[in-house]
Structures are given as C-alpha cells and as structure tokens.
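S.K.: The primary structure of each chain is shown beneath.
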Amino acid sequence: MKSYFKELHYEVPARRAFINITHDVERCLQESGIKEGLLLCNAMHITASVFINDDESGLHHDYEVWLERLAPHAPTHQYAHNGYEDNADAHLKRQVMGREVVVAVTEGKLHFGTWEQIFYGEFDGKRKKRVLVKIIGE
Amino acid sequence: MKSYFKELHYEVPARRAFINITHDVERCLQESGIKEGLLLCNAMHITASVFINDDESGLHHDYEVWLERLAPHAPTHQYAHNGYEDNADAHLKRQVMGREVVVAVTEGKLHFGTWEQIFYGEFDGKRKKRVLVKIIGE
Amino acid sequence: MKSYFKELHYEVPARRAFINITHDVERCLQESGIKEGLLLCNAMHITASVFINDDESGLHHDYEVWLERLAPHAPTHQYAHNGYEDNADAHLKRQVMGREVVVAVTEGKLHFGTWEQIFYGEFDGKRKKRVLVKIIGE
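Protein chains in written order, with my numbering: chain A, 1 to 138; chain B, 1 to 138; chain C, 1 to 138.
Honestly, the hints are just simulated from the structure, not real lab data. Do not take every clue at face value.
One copy or two, it doesn't matter: identical chains are merged, so the pair holds either way.
As the list claims (entries may be wrong) - Below are the DSSO-like pairs computed for lysine-lysine, each with C-alpha atoms no more than 27 Å apart in a straight line: (1) K128 <-> K2; (2) K109 <-> K126; (3) K126 <-> K35; (4) K35 <-> K2; (5) K126 <-> K2; (6) K6 <-> K129; (7) K126 <-> K6; (8) K6 <-> K128; (9) K6 <-> K109; (10) K109 <-> K2; (11) K129 <-> K109.
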C-alpha cells in the first residue's frame, strides 16, 4: 500500500468565496503515483468546507444567498459563540456544505461524473488556510 | 491491496425520490471478494445524493417536505442558476443530504448499525443517472 | 494492509447533546498500530451524528438553537414519521450535521488542523448508542 499527503494553502481576500481546487487535487494525485485507491480532501479549518458540485457562477451566487438565509452572519450578537469572534455563522454554514469529500481513484484518475468539480468553500476568509489531500492505494 | 468499482444506474420517473440501494451495494461487496476495508458509495451527479438513514416511508415524506421548505423548487426564477435550467434547488438539496457515504467493511459485510440503510436521493430525475461504488481492502 | 475496528458506546442522559470523542478515537488509533492510512468514524444510529468542529460551549449552544430552528422537535405531529415515535426531527438534524467523518492518519496521528475535534452529536438520547471506528492502512 502506498500513501501520500499534501497540505494546500488558500487565502481568500473576502469573508466568503468558493474556489475550484480540482486541478490542485489532480496534481496531488499525479504526484502520488497511486492508480487505484481512495482520496480524501478536507478543510483543516472549522469555518471552511470542501465539497463537490458544479462550476457555475449563478449556482455559487445561489449558495451564497441560501447559506446566508439558513445561517445569517448578522446580527452577530445572536450567536453565543460571538464573544471575541464574529464567525459563528461560518461554523454553521460549513456543516451544511460539509468538511470533506472522499473520491475514488481509478486508473490513476479522479473517478468523477461529467460535472463533478471539487471546491474549497471559505466562510471566514482574509487569512491563509489549509486543505489536506490524503491518498491511499497502490 | 484489492480494489473494485462498479457504476450502478438508476432512472427515477419523478423529479424527486428516495431509493433503497443497500442490496445493490451488498452485491458489489460480494463481487469484490473484499473482507476488510472501506467502501465508498457516491452520486456521480451533482443534483443527487447518497445517504444513510431509515427505510420508513413516513420519514421519506418528512424529508421531502423539509427539503422543499429549506430549498424550494418554485418559483424557479428566484435562483441565478436557473437561466436555461430549473434545477438549482436540486443542487441545494443535495448539499443537505450529502454526496457520499463511506462504510466500513468487516468480515465481508457492511458494518452497519441495526437500522442503517443506503439510499439514492434523486432531486432532478426523469433521466438515467449513475452511482459509484468503490471498495478497497483485502 | 492492516485493518482495525472498535465500537464505542455512549449514553446521553438528555435528548440532545454534543460529546467530544477525540481522545477515544485517538486511543483506537494507538491500539491499531496503523501509521499511514484512513480512519472512518461514524454513528451506527440514524438519529445521531459524528462531525468535526470546535470544542466551544457557546458554539454548541448555537448549534442546538440553529438545528431546532431548521428542524423543530415540536409539535411532534407535524412529522409523518411520528406515529409510534417522536424522533423525526432527530433524523433531520442528523442529515445537517452528517453521519461520519473520514480522517487522514499520518505518522501515527490524526492529521488535524489546529482546532479540529471529533464530536458525537446525539439527537435522540436517553439510551446506549454505538459509534464505529474503522482504520485501514499500514
């Protein structure tokens, strides 16, 4: 069994954004040399997500509006977590979108459907954050 | 290390439905011959889910009503994604229910609690769609 | 390839609670002797979650209030599932928080970001329930 990991870094200038990281993850898979196995990709921060969906800007706008409706940022004092911080909503949004994805590796490639793309979802940005890629297989 | 995959196909006549796919996944596990490992089962489409919960029709009705409340289909023009399509709500519902499950394989069986069953959740049906089963172990 | 599993037991005296199980999972990893691989930790019950977030009591209060707003327990007769039971809301809350986490194992440790902690989320307690830890690797 082979194993591989890499920590990727992303810094988003806004509080919230979605970044397509599929190519970065594919580069990890190539580096690993693993042909058959499982790939884990997860946010290493608890106010961010890694998820799989469509690379379509209209949809990303819809996610932003929808998440803000389900777990609004303001008023920040509505959350007990917001004593010294103002990011409680980011911890909630991340649960809806998820922490991680697990992707099959088949014949050296991400075994994806036609429209599957991997995104980093930032909900409390303006600082450098880490995403982990771990691959096991052979 | 052994690895195995199969793409399963489901075509739902309605826009939305929940299908119990546990037996199909168990058949894959038997075919694989893997006794100890991890099994990934994921929707290959971004308007569908694979999740684990109860095979109880009342609960499935509750999920349908609840998801429609959290992310309503109509009016379709409320979503930026719905230029040429009308399925933005399906992309949102799928995030709540999740893309994938990872299941332990122990002594050749899905290592499940008493009531755990695997479901395919369709949110934009009326066409053939794929679910991936990938198993690694030995 | 090595594989390991253990079923952990938790009994929560209240209907709902969040329990930090990170140390229990770390103990499993030590017992397994696995240095590189993937660790799956999942609720074996369908009214409970395993998730990763912050060990901060204010945030846990926020999760409780937020989940109760997204999927209220009462009135119980609003749910079709609640014929003989009163836990439909628990099945819904568990979908928001998730069934499972997959964690990278690197150099014999959970490969975590600074604040990542594993929680058992109970939404229908007052009885003994099981959490599965499965690890594969070498």
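S.K.: Each of the hints needs a verdict: does it hold here or not?
M.R.: Structure-based check of all given hints:
Proximity of K128 and K2 under a CA criterion of 27 Å is satisfied in neither setting, with 29 Å inside one chain copy and 36 Å between copies. In this assembly of identical chains, the alpha carbons of K109 and K126 never lie at most 27 Å apart, being 33 Å within a copy and 29 Å across copies at closest. Taking identical chains as interchangeable, the C-alpha atoms of K126 and K35 are never at most 27 Å apart, the minima being 36 Å within one chain and 34 Å between chains. In this assembly of identical chains, the alpha carbons of K35 and K2 lie at most 27 Å apart whether taken from the same copy (10 Å) or from different copies (12 Å).
Proximity of K126 to K2 under the C-alpha cut-off of 27 Å is found in neither arrangement, the shortest distances being 36 Å within a copy and 41 Å between copies. With identical chains, the CA atoms of K6 and K129 are at most 27 Å apart within one copy only, with a shortest distance of 13 Å there and 33 Å across copies. For the identical chains of this complex, K126 and K6 are intra-copy neighbours only, at 22 Å inside a copy versus 40 Å across copies, given an alpha-carbon limit of 27 Å. For a Cα distance limit of 27 Å, the shortest separation of K6 from K128 inside one copy, 16 Å, qualifies, whereas the shortest one across copies, 36 Å, does not.
In the homo-oligomer, the alpha carbons of K6 and K109 lie at most 27 Å apart both inside one protomer (17 Å) and across protomers (15 Å), since each shortest distance falls under that limit. In this assembly of identical chains, K109 and K2 lie within 27 Å of each other by CA distance both inside one copy and across copies; the values are 16 Å within and 17 Å between. In this assembly of identical chains, K129 and K109 lie within 27 Å of each other by CA distance both inside one copy and across copies; the values are 26 Å within and 20 Å between.
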